[in-house]
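Engineer: Below are the chains, spelled out letter by letter.
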Amino acid sequence: MKYSYIKPRKKSILTPEIRLVLAFFSMTIFMLLSTYGFLMYKDKMFIKDKLAIENEKIRLQQNTKDIESKILHIEKQMNTSTKVFTKNSVLRDSLKNLFDLVPQRITLTEAKLLHNGLTLYGITPNKDVYNFMLQAPLRSIFHQTYTSFYPAKDGWLRFVSTNYMDDETDKILEDTDSISPKEEKKDE
Amino acid sequence: MFAKLKNLLYTQIYINIVAGNKQTTIYVEEISFNGSVQSTEEKFETSQSKKINAFILKNTKKSPIHYITILDSSISQGATPTCSSTEMTQFCDMGIVKHICYNKQWGYYTSKLDILEFQNKYKKIGLDFIFSPFLMLVNFFKEKVEKELALFILVGVDSITLSVYDHSKLLFAEQLDMQNQNEFQEELGMVDEALPTEDLTLDDDIGIDLETIDASDELDSLDDFDTIENLDTFDEMDEFSEDDSEEIGEVIVPNLADTESSFGEDYHRFSLIQSAINKFYKDDRFSSDFIEQVFIADSIGMGTELKKFLEEEMFLNVFIRKIDLCLELCELAKVEK
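Here the protein sequences line up with chains G and V, keeping their order.
Our numbering applies: residue 1 is where the first sequence begins, and numbers increase by one.
Our numbering applies: residue 1001 is where the second sequence begins, and numbers increase by one.
Isolated chain G, as found in the complex (with noise of 0.2 Å):
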């Protein structure tokens, strides 16, 4: 029905009392909410941030192993290393002893290093010298000393004296040349 001759003034509920109650919570309202996402914003940032320091922490972490495996490595090398220049050292010296040892008139024309032993070729004037000669000091270095001879063209006697040893420094070589094989494919 519309009968009146006028409109009604709109009728706001939003006095100006309840206007003014109205923006005390509205602002109250909207501060709780921007403090709320603040710190819901740095919580994010905060469990990113935890995120990537974790992620660091293993890397580092991981890194570490690495590096220890590594020195370990370069440890157990190192060691070798000296273990194989102590026995070169020792080497160098009875085989610089062992040619001091040898008289001057037997002449060595050929000598072989093996794994555990050395085998001497050489000419000898008799028997004789070479057993008193060489064979005394070999046998005093070597476990087990194995001399053939046969003649030369000039009388003399050509030797071939094969000699092993089964001290420790064979075995200490043997260990060393069956861990390096597995190391060096461990570094690959």
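Be aware that one or more of the hints could be misleading.
[What the hints assert, rightly or not] As a list, the in silico DSS-like pairs of lysine-lysine whose alpha-carbon atoms are at most 27 Å apart:
| # | chain 1 | residue 1 | chain 2 | residue 2 |
| --- | --- | --- | --- | --- |
| 1 | V | K1098 | G | K7 |
| 2 | V | K1098 | G | K10 |
| 3 | V | K1334 | G | K2 |
| 4 | V | K1061 | V | K1124 |
| 5 | V | K1050 | G | K2 |
| 6 | V | K1112 | G | K2 |
| 7 | V | K1050 | G | K7 |
| 8 | G | K2 | V | K1322 |
| 9 | V | K1123 | G | K7 |
| 10 | G | K7 | V | K1112 |
| 11 | G | K2 | V | K1004 |
| 12 | G | K11 | V | K1004 |
| 13 | V | K1051 | G | K7 |
| 14 | V | K1322 | G | K10 |
| 15 | V | K1124 | G | K10 |
| 16 | G | K11 | V | K1337 |
| 17 | V | K1006 | G | K2 |
| 18 | V | K1058 | G | K10 |
| 19 | G | K2 | V | K1144 |
| 20 | V | K1058 | G | K7 |
| 21 | V | K1337 | G | K2 |
| 22 | V | K1050 | G | K10 |
| 23 | V | K1147 | G | K7 |
| 24 | V | K1121 | G | K2 |
| 25 | G | K7 | V | K1124 |
| 26 | V | K1051 | G | K11 |
[Claimed, not checked] Simulated restraints on C-beta separations:
| # | chain 1 | residue 1 | chain 2 | residue 2 | range |
| --- | --- | --- | --- | --- | --- |
| 27 | V | S1032 | G | L32 | 29 to 37 Å |
| 28 | V | Q1293 | G | L22 | 53 to 61 Å |
| 29 | V | Q1119 | G | P16 | 18 to 26 Å |
| 30 | G | P16 | V | Y1281 | 57 to 65 Å |
| 31 | V | G1095 | G | M31 | 38 to 46 Å |
| 32 | V | M1094 | G | M31 | 43 to 51 Å |
| 33 | G | L22 | V | S1032 | 17 to 25 Å |
| 34 | V | V1335 | G | R19 | 24 to 32 Å |
No lab work stands behind these hints, which were simulated from the structure alone.
Small disclaimer: the values here were computed from a predicted structure and weren't measured.
For each residue, glycine too, the CB sits at the ideal point set by N, CA and C.
Given chain G, work out where chain V should sit, using these hints.
Structural biologist: Structure of chain V alone, referenced to chain G:
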């Protein structure tokens, strides 16, 4: 949803203004969310506009959901038996009036200037509704309007709203002004200072010498009202004044004046109504029919003289029902909001 929220939050306040020339009645009804109703009514002198505004503002501050309604009391209002704008031009100047159609059957109008005047008068408090007394009358006698051919009259202090309906179809309507009451009383010899004692025939041999009354321009019907000398009411009034004088002695003078005034008002009303009915019968613009019944909505608590005049002089069946203009205005506002 929003309306329910509003009702829950606030009390609805209906402020209804019925402004007369001398007195303005303001009826305030407060309806709370649980449906409980509180009402107050105050009467002010119309000239005390500051007091009126203060009273209304005091009530409007109680709730933002308030409706201020006023009853249109302007003289330039009326009703038309048609809603067609072309046909309405023979009843009013469509350029200067605001017209509202009722149920696509008939319409009522008032001057745009009067609406502006109302809005300007109450601009401090603002107005929400301005209702026509024709609308109030048809709502008040709704069941009669739908079923009868009758004359319906709303009697106010300063005006009379008159309309003729034939089974909801408006045949005739007119707003009658009581403003010229003084002139009428002068003519009847009822205003003291204007009453030469030789002209006033209201003495022990009471009777109005109608020969001394000139027909005014507005009261053309008085020419047709040639049987007024035979009105028994004057005799009754004579008897009434005599009885009173016996009982209360000399104090009768003001009472007599009141009775005379009431009598004069009723007679004035009667003459206005009679002239309007004559206009209805004679004016070619209205499709006239014979009126047998009159339904009067009495808002002022008038006497029985008017009823007697109408029954005895015009042979009409008169039914009077009391009306509270403020309450009816409030009901209209509730439906309209």
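Engineer: Hints first: check each against the structure and report whether it holds.
Structural biologist: Outcome of the hint check:
no.	hint	in the structure
1	V:K1098 <-> G:K7	holds, 13 Å
2	V:K1098 <-> G:K10	holds, 21 Å
3	V:K1334 <-> G:K2	holds, 12 Å
4	V:K1061 <-> V:K1124	holds, 13 Å
5	V:K1050 <-> G:K2	violated, 31 Å
6	V:K1112 <-> G:K2	holds, 17 Å
7	V:K1050 <-> G:K7	holds, 25 Å
8	G:K2 <-> V:K1322	holds, 26 Å
9	V:K1123 <-> G:K7	holds, 15 Å
10	G:K7 <-> V:K1112	holds, 14 Å
11	G:K2 <-> V:K1004	holds, 21 Å
12	G:K11 <-> V:K1004	holds, 13 Å
13	V:K1051 <-> G:K7	holds, 26 Å
14	V:K1322 <-> G:K10	violated, 34 Å
15	V:K1124 <-> G:K10	holds, 16 Å
16	G:K11 <-> V:K1337	holds, 10 Å
17	V:K1006 <-> G:K2	holds, 21 Å
18	V:K1058 <-> G:K10	holds, 19 Å
19	G:K2 <-> V:K1144	holds, 22 Å
20	V:K1058 <-> G:K7	holds, 23 Å
21	V:K1337 <-> G:K2	holds, 9 Å
22	V:K1050 <-> G:K10	holds, 25 Å
23	V:K1147 <-> G:K7	violated, 32 Å
24	V:K1121 <-> G:K2	holds, 23 Å
25	G:K7 <-> V:K1124	holds, 17 Å
26	V:K1051 <-> G:K11	holds, 24 Å
27	V:S1032 <-> G:L32: 29 to 37 Å	holds, 34 Å
28	V:Q1293 <-> G:L22: 53 to 61 Å	holds, 58 Å
29	V:Q1119 <-> G:P16: 18 to 26 Å	holds, 24 Å
30	G:P16 <-> V:Y1281: 57 to 65 Å	holds, 59 Å
31	V:G1095 <-> G:M31: 38 to 46 Å	violated, 59 Å
32	V:M1094 <-> G:M31: 43 to 51 Å	violated, 59 Å
33	G:L22 <-> V:S1032: 17 to 25 Å	holds, 23 Å
34	V:V1335 <-> G:R19: 24 to 32 Å	holds, 31 Å
Checked against the numbered hints given earlier, this structure breaks hints 5, 14, 23, 31 and 32; the rest are met.
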